[in-house]
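Once you have looked at the hints, place chain E on chain U.
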Amino acid sequence: QKEVEQNSGPLSVPEGAIASLNCTYSDRGSQSFFWYRQYSGKSPELIMSIYSNGDKEDGRFTAQLNKASQYVSLLIRDSQPSDSATYLCAVIPSGGGADGLTFGKGTHLIIQP
Amino acid sequence: NAGVTQTPKFQVLKTGQSMTLQCAQDMNHNSMYWYRQDPGMGLRLIYYSASEGTTDKGEVPNGYNVSRLNKREFSLRLESAAPSQTSVYFCASSLTAGVSPLHFGNGTRLTVT
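Line by line, the protein sequences give chains U and E. Be aware that the first sequence starts at 1, since it is given in the working numbering, and climbs by one per residue. Be aware that the second sequence starts at 1001, since it is given in the working numbering, and climbs by one per residue.
Keep in mind that the hints were calculated from the coordinates and are not lab data. Note that the structure is predicted; figures quoted are calculated from it, not measured. Treat the hints with care, as some may be off.
Stated by the list, open to error - If you want the ones that stay clear, here's a sample from chain U, every Cβ over 10 Å from chain E, calculated:
| hint | residue |
| --- | --- |
| 1 | Gly16 |
| 2 | Ser20 |
| 3 | Asn22 |
| 4 | Arg28 |
| 5 | Leu46 |
What the hints assert, rightly or not - Under the rule of at most 25 Å between Cα atoms (straight-line distance), these lysine-lysine pairs were calculated in the PhoX-like manner:
| hint | chain 1 | residue 1 | chain 2 | residue 2 |
| --- | --- | --- | --- | --- |
| 6 | E | Lys1009 | U | Lys2 |
| 7 | U | Lys105 | U | Lys56 |
| 8 | U | Lys42 | U | Lys105 |
| 9 | U | Lys56 | E | Lys1057 |
| 10 | U | Lys105 | E | Lys1057 |
| 11 | E | Lys1057 | E | Lys1071 |
| 12 | U | Lys56 | U | Lys67 |
| 13 | U | Lys105 | E | Lys1009 |
C-beta atoms are modelled at their ideal positions from N, C-alpha and C, and glycine is treated no differently.
Chain U on its own, in the form it takes in the complex (with noise of 0.2 Å):
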């Protein structure tokens, strides 16, 4: 069973600080990896991809990947209270997945003003 571990919180920040999310998975093939984040009642949005090992730097997103340890993650410089979501992390596995993308949980963050 190829999974995704998340740690399904809530992980409380405050306002301006970081907020470091965390996701490992099975699968040592995966090639691809996402972050999603999802808002109370609406649908997952893509926010950030990373295919190789390293750092990604979008804005105020950096995804992190270490292929080696089995583990993303996705850290939001100075956070607002807009970013309280819950962040979905998805990996495509090995084999190619023609059925679609293996998803965590979640973790449901909040931003504390």
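Using the frame of chain U, we list chain E on its own:
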């Protein structure tokens, strides 16, 4: 740019009734998916269509049927609704299965009484 459009947004059914959830995408994507999302369960794949003309079962297909009407449209049918099918349903699409991220529609909130 509409992206992925789902109808209806809300629906209430009585046990035993049938209905069809509609989904259309205008991004010229090849692959389409139906997920359900329940509290604590995360996103679970119901059916998917890797390309026009093909459909396959996902993790939780029982009680559902699908039709890939053309490249743009992928419908989900509940033949005899049950209270266990009360959920939020998301349609998603991707350019290429196993390679590209998913883009989600706004969801359908279904209640079966």
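Could you work out which of the previously given hints the structure breaks and list their numbers from low to high? Checked against the structure, the hints that fail are numbers 5, 6, 9, while the rest are satisfied.
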